[in-house]
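A.B. asks: Construct all of the structure, not just a fragment, from the sequences and the given hints.
Oh and the sequence shown: position 46 is 257 in this note's numbering, straight run, nothing missing.
Hints are computed from structural coordinates only; laboratory data are not their basis. Think of the CB as a built atom: it goes at the ideal place given N, C-alpha and C, for glycine as much as any other residue. Mixed in with the good hints there might be a few duds.
Stated by the list, open to error - Across the chosen pairs, the derived CB separations fall in these ranges: (1) Glu324 / Thr513: 37 to 47 Å; (2) Thr513 / Ser264: 48 to 58 Å; (3) Phe255 / Ser497: 39 to 49 Å; (4) Pro545 / Ala301: 43 to 53 Å.
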Amino acid sequence: MKLKPTRAPSKKLLRLRMSPLRRACVALRVALVAAGGLAASAAFAADIYVDASAADGGDGSEGSPFNVLQAGIDAAAPGDTVHVLPGTYAPIQTKTDGADGARITVVAEPPLEAVVAVEVDDQIALRAQHTHHTFDGLVFDEGYHHRDAVLTDGADHLELLGVEVRRSDRDCVDLRTVTDVLIADSYIHHCVNGENGEQLDAHGVTGDAVFGLTIRDTEIYMVSGDSVQLSPPREPWDDLVIEGCVLWNAPLDEAVASLPVGAVIGENALDTKVGDGLNGGGQRPSVHVIDTVVAGWRGAITNQAAFNLKEEIDAVIERVSVRDSEIAFRLRAPATVRVQNAVVEDVDVAFRLEDGLDGARLLHNTIGALVGAAFTDAGGDPVGLVVKNNLILGDLVPPPADGDP
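C.D. replies: Okay, structure coming up:
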């Protein structure tokens with residue numbers, strides 16, 4: 212079953228033409244890299260072309276492209292751009308580091324028409340292990356072959372721009388030991404695992420030892436775990452930003468990993484886990500979620516929440532909309548949380564406060580229609596709770612709170 216993105220691709224990224232001299236330079240650089248020679252300076256950045264329908268024996272020039280995507284990536288040096296024409300390609304992995312100001316860019320032209328597809332069990336669509344890479348407009352389709360669709364390790368300064376990552380029965384994007392990652396304008400979906408008819412964790416974006424992850428203007432949906440989770444093994448991490456995203460779930464629309472069509476799946480849109488090492492420097496990891504829509508988190512597990520904010524984080528959640536979920540915000544000590552300018556509707560509980568939550572600030576929020584309870588104290592009275600300037604529609608009265616006007 213071919214799944215298509217829910218949004219039309221942009222019209223950027225038109226093919227570029229090269230002069231005969233430029234084509235000769237590309238062929239020379241390809242030969243040097245193949246021979247193990249030194250990479251050329253970024254000042255001589257090349258354009259390398261790949262076309263799945265091309266004949267064998269291409270040199271990577273526009274007139275004679277490679278027909279294997281890995282060949283284009285192997286030939287790329289810092290500053291180079293690999294232009295990928297429509298077609299289906301075998302799994303790929305990075306070959307060499309890019310550099311600051313001289314990234315290695317792999318771009319589909321036009322967007323979302325070059326598909327990196329896994330057809331054999333235990334392969335990974337994209338394995339990134341080198342720095343300063345940009346993947347723009349490609350589709351990474353794991354085909355439910357029992358591995359992560361995108362797996363990184365040490366791929367600092369990674370950009371996934373306008374990509375689609377789909378159909379993994381592990382995690383769709385798994386980031387390991389990495390700094391400065393941007394995922395933007397992308398679709399990440401159908402990350403689903405199960406056994407004997409019971410769902411197992413498969414996350415949209417996850418990882419360990421992740422420092423500086425920004426997910427912007429991206430849609431993550433159909434997951435049997437969390438849309439975003441840091442960090443399952445509780446390794447140090449820090450600086451998670453989710454901005455302008457849509458994180459939603461719904462009953463399965465295809466049978467996957469022993470789970471039938473219609474199965475209710477998922478855990479949380481965002482789940483946080485922190486180990487004793489905190490962020491590695493003795494500080495709480497920071498989380499900032501802004502201008503994000505979250506929906507469809509109910510019916511799969513007990514106390515299912517859109518936001519499951521727990522352990523020693525410092526979180527700011529602002530201008531988000533939560534609906535069609537069991538719990539909008541599950542706030543659990545020792546997390547430090549500020550939620551402001553949120554809109555909540557059609558949930559059983561807007562704010563569930565647990566474990567003696569300390570210092571939470573709930574400011575300028577709107578709790579609208581179809582909300583069963585605005586606030587629930589689920590154990591351990593909250594300390595230092597501030598509830599100010601919230602609009603609560605209906606007969607939902609908050610508990611006494613320090614600083615309540």
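A.B. asks: Taking the beta carbons of Glu324 and Thr513, is their distance inside 37 to 47 Å?
C.D. replies: holds, 43 Å
A.B. asks: If I claimed the Cβ atoms of Phe255 and Ser497 lie 39 to 49 Å apart, would that claim hold in this structure?
C.D. replies: About 40 Å separates the Cβ atoms of Phe255 and Ser497, which means 39 to 49 Å holds.
A.B. asks: Assuming the hint says 48 to 58 Å, is it satisfied by the Cβ distance from Thr513 to Ser264 or not?
C.D. replies: holds, 52 Å
A.B. asks: Do Pro545 and Ala301 keep their Cβ atoms within the hinted range of 43 to 53 Å?
C.D. replies: holds, 47 Å
Against the hints set out earlier in the document, no violation occurs for any number.
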